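Given these sequences and hints, build the entire structure.
Number of protein chains: 2
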Amino acid sequence: MSETNTQVLLKQRPVGAVQERHFEVVHKPVPVTGPGQICVRNHYLSLDPYMRGRMSDAKSYAQPVAIGDVMVGGTVGEVVESRHPDFKAGDAVLGYFGWQLFGVSDGTGITKIEKGDLPLSAYLGVLGMPGVTAYIGLMDIGHPKAGETVVVSAASGAVGSVVGQIAKLQGCRAVGIAGGERKCRYVTEELGLDACVDYKAGSLSENLQKAIPDGVDVYFDNVGGPIFDAVLDRMNPFGRIPVCGMISQYNAVEPYAVKKMHNVLIQRLTIRGFIVSDHAARWVDALTDIENWLRQGRLKFRESITEGLENAPAAFIGLLSGKNFGKQLIKLI
Amino acid sequence: MSETNTQVLLKQRPVGAVQERHFEVVHKPVPVTGPGQICVRNHYLSLDPYMRGRMSDAKSYAQPVAIGDVMVGGTVGEVVESRHPDFKAGDAVLGYFGWQLFGVSDGTGITKIEKGDLPLSAYLGVLGMPGVTAYIGLMDIGHPKAGETVVVSAASGAVGSVVGQIAKLQGCRAVGIAGGERKCRYVTEELGLDACVDYKAGSLSENLQKAIPDGVDVYFDNVGGPIFDAVLDRMNPFGRIPVCGMISQYNAVEPYAVKKMHNVLIQRLTIRGFIVSDHAARWVDALTDIENWLRQGRLKFRESITEGLENAPAAFIGLLSGKNFGKQLIKLI
Chain A
128 MSETNTQVLL KQRPVGAVQE RHFEVVHKPV PVTGPGQICV RNHYLSLDPY
178 MRGRMSDAKS YAQPVAIGDV MVGGTVGEVV ESRHPDFKAG DAVLGYFGWQ
228 LFGVSDGTGI TKIEKGDLPL SAYLGVLGMP GVTAYIGLMD IGHPKAGETV
278 VVSAASGAVG SVVGQIAKLQ GCRAVGIAGG ERKCRYVTEE LGLDACVDYK
328 AGSLSENLQK AIPDGVDVYF DNVGGPIFDA VLDRMNPFGR IPVCGMISQY
378 NAVEPYAVKK MHNVLIQRLT IRGFIVSDHA ARWVDALTDI ENWLRQGRLK
428 FRESITEGLE NAPAAFIGLL SGKNFGKQLI KLI
Chain B
128 MSETNTQVLL KQRPVGAVQE RHFEVVHKPV PVTGPGQICV RNHYLSLDPY
178 MRGRMSDAKS YAQPVAIGDV MVGGTVGEVV ESRHPDFKAG DAVLGYFGWQ
228 LFGVSDGTGI TKIEKGDLPL SAYLGVLGMP GVTAYIGLMD IGHPKAGETV
278 VVSAASGAVG SVVGQIAKLQ GCRAVGIAGG ERKCRYVTEE LGLDACVDYK
328 AGSLSENLQK AIPDGVDVYF DNVGGPIFDA VLDRMNPFGR IPVCGMISQY
378 NAVEPYAVKK MHNVLIQRLT IRGFIVSDHA ARWVDALTDI ENWLRQGRLK
428 FRESITEGLE NAPAAFIGLL SGKNFGKQLI KLI
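Chains as they are written, first to last, in our numbering: chain A, 128 to 460; chain B, 128 to 460.
In short, the hints are calculated from the structure, not lab data. The structure displayed is predicted, hence computed values, not measured ones. Positions of the beta carbon are idealized from the N, C-alpha and C atoms, including for glycine. Misleading hints may appear alongside valid ones.
[Unchecked claim] Example chain B residues on the side facing chain A (calculated, C-beta under 8 Å, incomplete):
id: 1; residue: 186
id: 2; residue: 214
id: 3; residue: 376
id: 4; residue: 395
id: 5; residue: 399
[Unchecked claim] Computed from the model, here is a short list of chain A residues facing chain B with C-beta under 10 Å:
id: 6; residue: 223
id: 7; residue: 266
id: 8; residue: 274
id: 9; residue: 351
What follows is the structure, encoded as C-alpha cells:
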C-alpha cells in the first residue's frame, strides 16, 4: 500500500473556462481508520460534468466544494482496513470519496459491490449514477412510446449512450447528436442508433431536419445552449424534454439565450429538469433493468480511462469540451 | 331583427403589430337556416389573445383564418330560428360563430345555456373558455399546495384573475403581475391577492424580490418574454410553470430570447405549455367548481365591454397591448 494519500483540492473558483491552476495536487498521509470506520483504497474516480457546478459558488442544487477541500466525486475501490462490522478488508465498494487515493468513512453512503463478471469501473458509469440518470430521465420524464422519435445530445457520453440504447429497446426511433464523425459513427454503428447528427459539421438545423424529418417526441438534453434551441424548434405536439445537463453552459460567463420558447406553447411541450438523486426510489428498478440488458448484451458502454490522479484536472477540462469518448474515468491504481 | 349580418373579415396577415387595416367590416344578408340547422343572433363576442395566432400562417396548434374569412371567436346569443329538433327559438346558446352578428349551425359545438342568475356574457369569461383555462392550467399543471406561493401574470385579465383567486381558494399565497397601479389595486383589493407587482413601474426584478421574498412554487405564465425570464429566476425547487400564453410575443417580429433557462436544471422545474381544448375531459369538473364558487361569492370577475362589432378590431388591438381591464367583450345587440 502506498503510504501517501494523493488528493486534488479546489484551489480557486473558475470564472469561465476551468484551468489546471484552479486545482492543487497535494500528498497527505493515509488517513487513520477510527473506530466504526473503514479505509478504502480507490481504484477508479468518476469524472462528471456536474462537478463544474460544485466548483462555483453560484446558487445550485448542491453545496459548492469549499476552497482547499478535496474535489467531490464518485469512486470505486477496495476496503483496505475495516473497524466496521458490515465491511471487511477486500470488499469492493462504491463510494463518494472524491478526488483522492484513500478515504475513510463510517459506512454512510457506501455500497458493497458483489464482484462478478462486470468490471468494477462499470459501477461508476452504466451501472452507476450516469446509467441510472439515463434510465430515470428517459423512462420517467421522457415517457417514450414505441414508434416515437427520441433525440439525445452528447449521445456517445456516459449518460447519452445509455439513453439512446434504452430508447431503441423501447421500440423508438433514436437519433443522437455528437461532436465529430468518429463519435457519430460509434453512435450508429456500435450503439445501434438510427442516425447521429454531427453538431460540428455544417448547419445543425439542416442536419437535424434531414435526420428527423418527422419531428421529435422526446429530446433528452445534456447540453443546453444552441443545440437545445435547435431541437426545441423541431418538437412534435405533446413532446417531452427531460433536462439532464447543460454542459455547453457550465463554462459560460454569459448564458445562451433561448429563442424558440414559443414552441412550448404551440406544441404543448413539457420541459422538466431533474437530478437523479431526487429519484432514489427508482434506483433499484433502474439498476435491475440495466444489469439485465448488459448481461443480455443489449447495452454497450465505452470508457475513456486516464491513468493517474495528477492527470484528473486535465481530463476534467477535456470532458467539459467533449474530448472524452464515453464514460471518463481516472484509474488510480 | 336586423336584415343585415355585419361581419369582420381577416383582410391581411399582420407582420408585427396588428392594425385596423388588417381587418375588413362587411355587411351581408342574414344567412338562411337550412334543414337541420339553427340561426343564432349573437349578443356578445369574446376577444381573446389566441386570435392573434389565427391571423398568422406561422406553424401553430390550429389552422389560421384564411384571408377573406370571418375572424374566429366564441359567442353567446339566442336562437332566432330553429329547424333542429334539439333547439327552439329563444334558446340561449354558447357557440363559436366568430366576429359576426348572425350564424347558422347544424348544432355541432353549440351548447345550450340554462338562463339563470348569471349574465350570458359570463359564459365567454369566467364560466367559459378563459375560466376553464385558468382552472385546468392551475390545478392540473400547476398542482398548487396550501402554503405555496403562486404567481400569475396578466393578473387582472380574463384568465389571470381566475387563476389568482383559485390559488387563494387553495390556501396559497397568490401574487399577481399586472400593468399599472389601477389594475394592481384591483388585483389586491377586489380579487384579494396578497400582492401585485406593477411591471410598468421601476425594476421588475427588484419588485418581484420584494413581493415574493420566499420564491415562487407555481408561475402561471400568460405573457412570456422578459416577465417569464424574471420569474424563472425566482423559482423554488420543483416549481411548476404552466405556460398558457405569451401575449408579449404575439406581435413580436424577433422573439424574446430567454436567459434564465439554467434554473430549469438547478431547480428541477417543470415548464409545460397547454391549450385548454386538449383537456376536454376536465371541463365539467372545472365549470362545476367555478359555478359553485361564483354562487358562493368567492370568485369575482370583471368585464371590459365595447359596443358594436365595427369596434372589435380596435378593441382587439387594445387587448394585445393590455388596454382592456378584465374580460374583453364586444356587445353586439
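We went through each hint and held it up to the structure:
1. Taking 8 Å as the C-beta contact cut-off toward chain A, the hint placing residue 186/B at the interface holds, the least distance being around 7 Å.
2. A cut of 8 Å between beta carbons decides the hint on residue 214/B: the least distance to chain A is about 34 Å, and the hint is violated.
3. A cut of 8 Å between beta carbons decides the hint on residue 376/B: the least distance to chain A is about 6 Å, and the hint holds.
4. At about 5 Å, the closest approach between the beta carbon of residue 395/B and any beta carbon in chain A falls short of 8 Å, and the interface hint on this residue holds.
5. Taken as an interface hint, residue 399/B checks out: its beta carbon lies about 5 Å from the nearest beta carbon of chain A, inside 8 Å.
6. Checking residue 223/A against chain B by beta carbon gives a least distance of about 20 Å; that is not within 10 Å, so the hint is violated.
7. The interface hint given for residue 266/A is violated, since its Cβ lies 16 Å from the closest Cβ of chain B, which is over the 10 Å cut-off.
8. Annotation: residue 274/A was flagged as interfacial toward chain B, and the flag is violated, the nearest CB pair being 20 Å apart, outside 10 Å.
9. About 7 Å separates the beta-carbon of residue 351/A from the nearest beta-carbon of chain B, less than 10 Å, and the hint is met.
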